[in-house]
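Student: Given next are the chains, with one letter for each unit.
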Amino acid sequence: MKSMPATFYVNGVRRDLLVDPNALLFEILSDDLGHSGVHRNCDRGDCGICTVLVDGEPVLSCLMLAVEARERQITTIEGLAKGAELHPLQKEFVEKGAVQCGYCTPAMILTAKALLDHNPRPTKEEVKNGLSGTLCRCTGYVKIVEAVLAAAEGGK
Amino acid sequence: MLYRALPEFDFVEPASLEEAGEALASSPNAAVMAGGISLLDAMKRGMAQPPTTIVSLKRIPGLRYIEGSRAGGMRIGPLTTIRDAELSETVKNEYPLLHDALSNIHSVQVKTMGTVLGNVCVGTPASDILTALVALDADLRLAGRDGDALLPAASLCQAAKRTCLAPTDIVEAIEIPALPERCCSAYCNLTRTLPDISKLTVAVNLFMDGAGCRDARIAIGAAAPVIYRARAAEDALKGVALSAESIAASAEAAYNDPMTKPITDMRSTGEYRKEMVRVLVRRALEAAAAKAAKA
Ligand SMILES: Cc1cc2nc3c(=O)[nH]c(=O)nc-3n(C[C@H](O)[C@H](O)[C@H](O)COP(=O)(O)OP(=O)(O)OC[C@H]3O[C@@H](n4cnc5c(N)ncnc54)[C@H](O)[C@@H]3O)c2cc1C
Numbered sequence: 001m002k003s004m005p006a007t008f009y010v011n012g013v014r015r016d017l018l019v020d021p022n023a024l025l026f027e028i029l030s031d032d033l034g035h036s037g038v039h040r041n042c043d044r045g046d047c048g049i050c051t052v053l054v055d056g057e058p059v060l061s062c063l064m065l066a067v068e069a070r071e072r073q074i075t076t077i078e079g080l081a082k083g084a085e086l087h088p089l090q091k092e093f094v095e096k097g098a099v100q101c102g103y104c105t106p107a108m109i110l111t112a113k114a115l116l117d118h119n120p121r122p123t124k125e126e127v128k129n130g131l132s133g134t135l136c137r138c139t140g141y142v143k144i145v146e147a148v149l150a151a152a153e154g155g156k
Numbered sequence: 001m002l003y004r005a006l007p008e009f010d011f012v013e014p015a016s017l018e019e020a021g022e023a024l025a026s027s028p029n030a031a032v033m034a035g036g037i038s039l040l041d042a043m044k045r046g047m048a049q050p051p052t053t054i055v056s057l058k059r060i061p062g063l064r065y066i067e068g069s070r071a072g073g074m075r076i077g078p079l080t081t082i083r084d085a086e087l088s089e090t091v092k093n094e095y096p097l098l099h100d101a102l103s104n105i106h107s108v109q110v111k112t113m114g115t116v117l118g119n120v121c122v123g124t125p126a127s128d129i130l131t132a133l134v135a136l137d138a139d140l141r142l143a144g145r146d147g148d149a150l151l152p153a154a155s156l157c158q159a160a161k162r163t164c165l166a167p168t169d170i171v172e173a174i175e176i177p178a179l180p181e182r183c184c185s186a187y188c189n190l191t192r193t194l195p196d197i198s199k200l201t202v203a204v205n206l207f208m209d210g211a212g213c214r215d216a217r218i219a220i221g222a223a224a225p226v227i228y229r230a231r232a233a234e235d236a237l238k239g240v241a242l243s244a245e246s247i248a249a250s251a252e253a254a255y256n257d258p259m260t261k262p263i264t265d266m267r268s269t270g271e272y273r274k275e276m277v278r279v280l281v282r283r284a285l286e287a288a289a290a291k292a293a294k295a
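Top line first, the protein sequences correspond to chains R and F.
In terms of the numbering used here, the first sequence opens at residue 1 and continues consecutively.
In terms of the numbering used here, the second sequence opens at residue 1 and continues consecutively.
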């Protein structure tokens, strides 16, 4: 197994690393680069909690090789706020009490961001469908859907 | 050294399908990878002989496409994601059976990463997509073969999660034949919860002729180790008018088909699944017949 030189753009910052092919994107982001907002959970794609955005699309970082994200733009939850200014989705999650225990929140917000980037004015049904790959085990989906709809309204 | 969930392997990124074929042939234990979610999941779970070389198709240009039409047949490339297919107007309007089947996969992340072909090549009997492809008489085109390049989707699987593909085989496209104007289809499945894998799948495709049915395809998944066509159930509809009686007779024939031998697992008992074969075939036929009546 040969390590490969790899350039990643994480939240807009260029990172040059030597990466083993068997490293998962999750492992590089969380363990090597210290993005503690990337959460590990089911480890098999069922829960979506490890979701990050690669070139704006939501992917499961537990099932993607890091080398496949070379040269691509990776967004984790740490990349959303601009300094002390929260992203509209983060603001609404706080406002509506949609954070609950907080474990799924980074993935939920990133999945919602990908949804709103494609579809800035989704219906409630479209929000539910768009988030259906990301599970909240507090099962408090009502507030989450409200927060996403509110962020969509606010962004108009 | 930080912990790694995956065993070690060499990673190869060929620039063409020919190079990919060579890379597969030159390593004793290589695997081709498209989206990677099934392969990496299996490797994490300690598969018996994990590949020592992974050949990724990702950097080969021109493999992500959906082309053609209902009138001339449709082709789907090996890097076309499930999401691409779900959002494709061609799939939605011209092959609604495939659209209905793949809309049953709920996670946006899985659809964004997973390819249509990767789903098929896993060979699980619960594949929504493969069930639809069997009812559509789809073929898989194997790269680098001459005479025997076309493999019917219905012949892909030999057992649950075991396909007849050699480790060196690469499927370069799914080819779905043209559909006549008067063709009506429907997809039905059962799941424990919406996002879960199906515990039973049924796809029907009816070739209509006046009020009658000239020919039929009925594909059933998760009721046997492989997805199969219920031939007796198809025969029960050939040349007859679609009515409550003929639909019930066809559903009964599917129930009694010797292939219909579902297992008991955490999703359902075999007995329940078998009863549901009759119900789902009936529902799918009723839905297709309703579309035929409207057309
Ligand atoms: C959480 C979750 C939910 C899911 N829900 C559903 C569901 O509801 N219904 C459903 O049908 N499926 C479901 N799936 C399965 C999912 O659709 C497949 O895992 C995925 O599409 C596989 O595609 P891939 O590109 O990642 O394949 P890969 O992991 O890249 O490949 C899978 C297998 O196919 C082989 N392969 C890939 N491409 C080729 C090729 N071109 N030629 C030859 N061999 C090839 C690989 O060697 C490997 O053995 C689910 C999966 C997950 C993780």
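In case anyone wonders, no lab produced these hints; they're calculated from the structure.
Among these hints, one or two may not hold up.
[What the hints assert, rightly or not] Within a straight-line C-alpha distance of at most 25 angstroms, the following computed DSS-like cross-link-like pairs (lysine-lysine) qualify:
1. Lys2/R - Lys92/F
2. Lys2/R - Lys44/F
3. Lys238/F - Lys161/F
4. Lys96/R - Lys124/R
5. Lys92/F - Lys128/R
6. Lys124/R - Lys92/F
Student: A separate judgement is required for each hint: does it hold in the structure or not?
Tutor: Do the hints match the structure? See the list:
This hinted pair does not check out: Lys2/R and Lys92/F have alpha carbons roughly 43 angstroms apart, beyond 25 angstroms. Restraint check for Lys2/R and Lys44/F: the C-alpha separation of about 20 angstroms stays at or below 25 angstroms, so the hint holds. Between Lys238/F and Lys161/F, the direct Cα distance comes to roughly 32 angstroms. Violation of the 25 angstroms bound is thereby established for this hinted pair. At roughly 16 angstroms between alpha-carbon atoms, Lys96/R and Lys124/R fall within 25 angstroms of each other, so this suggested pair holds.
With a C-alpha separation of about 21 angstroms, the suggested pair Lys92/F and Lys128/R falls inside the 25 angstroms cut-off, and the hint holds. Restraint check for Lys124/R and Lys92/F: the C-alpha separation of about 22 angstroms stays at or below 25 angstroms, so the hint holds.
Violated hints, in rising order: 1 and 3; the structure is consistent with all others.
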